[in-house]
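A.B. asks: Let the sequences and hints guide you as you build the complete structure.
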Amino acid sequence: MIWITLQLGLRRAWSTKRLLLVFYLASLLAGVLVALPLREVLLQFAGRSLAANELIQGVTLDFLFELVTANRAAAPALTVLFLFGAIAFWVFSLFLSGGALAILASERGYQAAQFWGGAAKFFGRFLRLALWSLLLLAALSLLPLTARGAERFLFGPDPYQYVSYWGAWIGAGFTLMALFFFRICFDYARIHAVVTDEAKMRRSLWRAVRFTIGNAVPVVGLALSVAVAGGVAALCYLPVSDLFDGSTVSLVTAAVVAQQLFILWRVTLRLTRYGSQIALYQKLSGEFKEPHRLVAREETGSPCPAREPPSRNRSCGCIE
Amino acid sequence: MPLRLVRASVGLMSLVFLGWLGWPVRSQAEQERVPVFFEEPLSPRIANYQIDVALDPQSRTLSGKQVLTWYNKTGETIGELQFHLYLNAFRNSRTTFMRESGGSLRGNAIDEGGWGFIEVDRLALSKLEEMNPDRFRVYQPDLRADWHQVFRINAASRTDLTGEMEFIQPDDGNQDDKTVFRVPLPAPLAPGEAVALDFEFRAVLPSPPLARTGAKEEYFFVGQWFPKIGVYDRGEWNCHQFHYNSEFFADYGVYDVRMTVPDDFVVGATGLEVGVIENANGTATHYYHAEDVHDFAWTASPEFRVFSGKAQDVEIRALLQPDHVEQGERHVEAAKLAVSYFQDHYGDYPYPNLTVVDPRRGAGTTGGMEYPTLIVAGTYHNLPAGVRLLEHVITHEFGHNYWYHLLASNEFEEAWLDEGVNTYTDSRVFEDHYGGYLIDFLGLKLTVEQINRAIHIASPTSDPIYRKAWENYDRFTYGANSYARPGLILRTLRNLLGPRTMSEAMRTYVRRWRFQHPRTEDFVRVMSDVAGQDLSWYFDQALFTNAVLDYSVSSIESSELKQTGYDFDRSVKEPWQSWEESAAQPSSPEAVPEGTEAGAPKLYESEVGIRRLGDFRFPVEIEIAFEDGETLRESWDGQEVWTKLKFVRPARLSSATVDPDKKIPLDRSYTNNSRTLEPRQLGVNRVVTRWMFWWQCLLDFLSP
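Chain order of the listed sequences is A and B.
Counting from 1, one number per residue, gives the positions in the first sequence under the working numbering.
Counting from 1001, one number per residue, gives the positions in the second sequence under the working numbering.
Hints in this document: simulated from the structure, not taken from any laboratory.
Among the hints, a few may not be true.
As the list claims (entries may be wrong) - Interface residues of chain B toward chain A, partial, derived using beta-carbon atoms under 8 Å: (1) 1310; (2) 1344; (3) 1345; (4) 1362; (5) 1672; (6) 1691.
Built from N, CA and C at the ideal position, the CB exists for glycine as well.
C.D. replies: Written out as structure tokens, the structure is:
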């Protein structure tokens, strides 16, 4: 089932290339907005120095220390830029995800009105969902503490370092698991909201938690598969990127192309994840409400004719 | 030395064996077996301590009796004595140390109820029956000796000075600080005379350990723990209070210390263990003897696991915590390397042994510290081999056995002379044996020199290096001025003088000043003597001023040489020359390369501006590169604020670089050392796109 949903997700993502483009351009824009000031700082600092030549091989620590020291005044501004950039991108991604889920759930391919309408419609709900999710996150953050509690219970307040060392690893593992679980729940809560047009986000979150726990094997398996695919892609990318380590314009350009192709693959993977999760959710929960109709109703103010339930043959990309 | 070690080992083994059998150990027998370290004293042996101390682990209390014999070798008549009571730094929140530190050091702060102190309950002064300097020289360690008999102290002449003790605060006048006291002598002590001082004292160790000493559960590290006489130096007592930013200063002597601890405790201490007496009450008395040292520290814990090894003629013993046993051999190997390197490069380490202590978890503040023949390292469970923090701390702390223990400089007033020289030598060890890398792990590579440079360029120039430790602007400045910057100063000097001369200078410094109190001027004199030139121009700037060393290429220009106007393109000609000949005649003949033919394609006039951005003057090399691949090297004495170099060449200038071989790590910025005619955007673009890529990856990873 995981393999089929993955295939389906990939097919859905690939069939909405404009969606890919939107997500990729968002990523590129976020990158460029940060890169330009950094480039300016670097050019000011070393643009007419032979140190700039050495940058082709990478940043040496000597250079980095000097850069940071010489640009102490710029550090707060850059920190704000990075922080603000990260938060803004997260919020914007949340906004886009509403449209993307609406498109992927409808299986009708990319339609600008549907995408932006869905994004606008679900953005407020997703923000509320994010706030509700903080409760879940707080509850899950207790999980790593249990490792510390167990350590303290078993070994006392002053354990040997090898106890605290492995305890820290176990705690880190629990933290990862908690974040992983949180992320899955957040994904399915959004899917639930889109597929069922749920307005109460606490209900979506609760449904997502129940769904995740109730279908732990396929849900976690799917998420792990996507994560593994990302990891494998990264492992493949690293040696390829080494091929473009050189000091010519063409090699640098090739390296940039390789980097952006990798980013494009990451974006594809994200949309694949959305598509697969929608398919899995529809399959396992049996909920087939169609978001685009709801969007249309809100946009036009008039009810739309009920759509036929999605066909269940494989040619249209549904699960048999 | 090997023969002495064999004899010592036999003696020690015999004592341990006899003790294990429960037989009473006869002091006469030991006197025959246990040798002194040195047939002739290596040091003046001014302050000699014989101490009996008992540790009560429950209350962290030390109960001690101490006989200090102090020999007046000052050449002056002494009217009073001054002493350190270092443990009183932890007496309350109002001491100078606590005020300066805010109550914590290296992340450790005293628990409630964890205060430490030392009280001298009794102080009595005796004359010695015979004034024979040899009594401070060679004698046989004795497991049960009565020190009064050994030193022929006339008990009848004993004068109680307990009531005469007076706390003083020579540095800051803080009346709440009780880390130094003075006591007037009943009669002046003439040059060449000696006195014996009987102390009875009680001390409580801070918990958890703070500023290198204290107790943590079953682990005790006992440093700066006994009443210790100051140094009479240059006509006055040099006896500073215990400060946050400072270490110590003391005279050499012989130490015999008998430590009574629970019998399951493993003990490590300065010197060699002479013997152990198993007492009836479940305790054991460990007797350690050390010669020609100026401090004594010890540690005790039932948890220690012992590892051992040998480097050249030095026995190494490592006392490991149970959670670090997997690094036992690593400790020993690092110590072996350090001992061998220092002996090979800086002269003989005269002591027969070295003990490496691994501090307990939660007592890390005792780590990274040095005492004669005993150093305290510090590690973490499962520390990766490529993270060489352990090797670095062992190398560094052992280095102090040269720069502070063989040469007893004043760490209160000239910290750089110990820490800075040591930073230079530990970086040398790393360069020669670890490729320079402190960290070489998961692709991250970081050299010791890079760290020193990072500290150097990041630290403000608030203070000159030559400054009393506690008078630095803050702790970071103290650290930079005591460690990293002097290390770079010596590294720069090495590049100036050459490695061979520098090595010889360092060896000479050790040889000339062993077992004395060298000062900064002594170090500079040795360097100058060996270099064959007066180096005060360098050290004066480096040590006594805030001068910054920073040279840069401030401008670079290159343009086609215009040969127009009269003599070139006008019709007025010299009567004996054709126009063509005139055109070929350069306006500045000495600047034009030989062989430039008339009618040669083009000539370019280039100019490079070099600027000294700081006040530190230093000779520099400048490399000029031209677009046709030609490179030139010029020298500049660096005295003026700027200089300009002009060239006429058939190619345009490409770049100019000050210090192209990076021989001046003291230079605050390598980046401004070069300048190119055309902007170099490729490298910048490469870095920026790479950073952008990783930023995009991060955002993608975090996005919902």
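A.B. asks: Are the hints correct? Go through all of them and say.
C.D. replies: Evaluated hints:
1. 1310: violated, 28 Å
2. 1344: violated, 30 Å
3. 1345: Given a least distance of 26 Å, the restraint on residue 1345 (chain B) is violated.
4. 1362: holds, 7 Å
5. 1672: holds, 7 Å
6. 1691: Holds, because the Cβ-Cβ distance from residue 1691 (chain B) to chain A comes to roughly 6 Å (cut-off 8 Å).
Hint check: violations occur at hints 1, 2 and 3; the rest are consistent with the structure.
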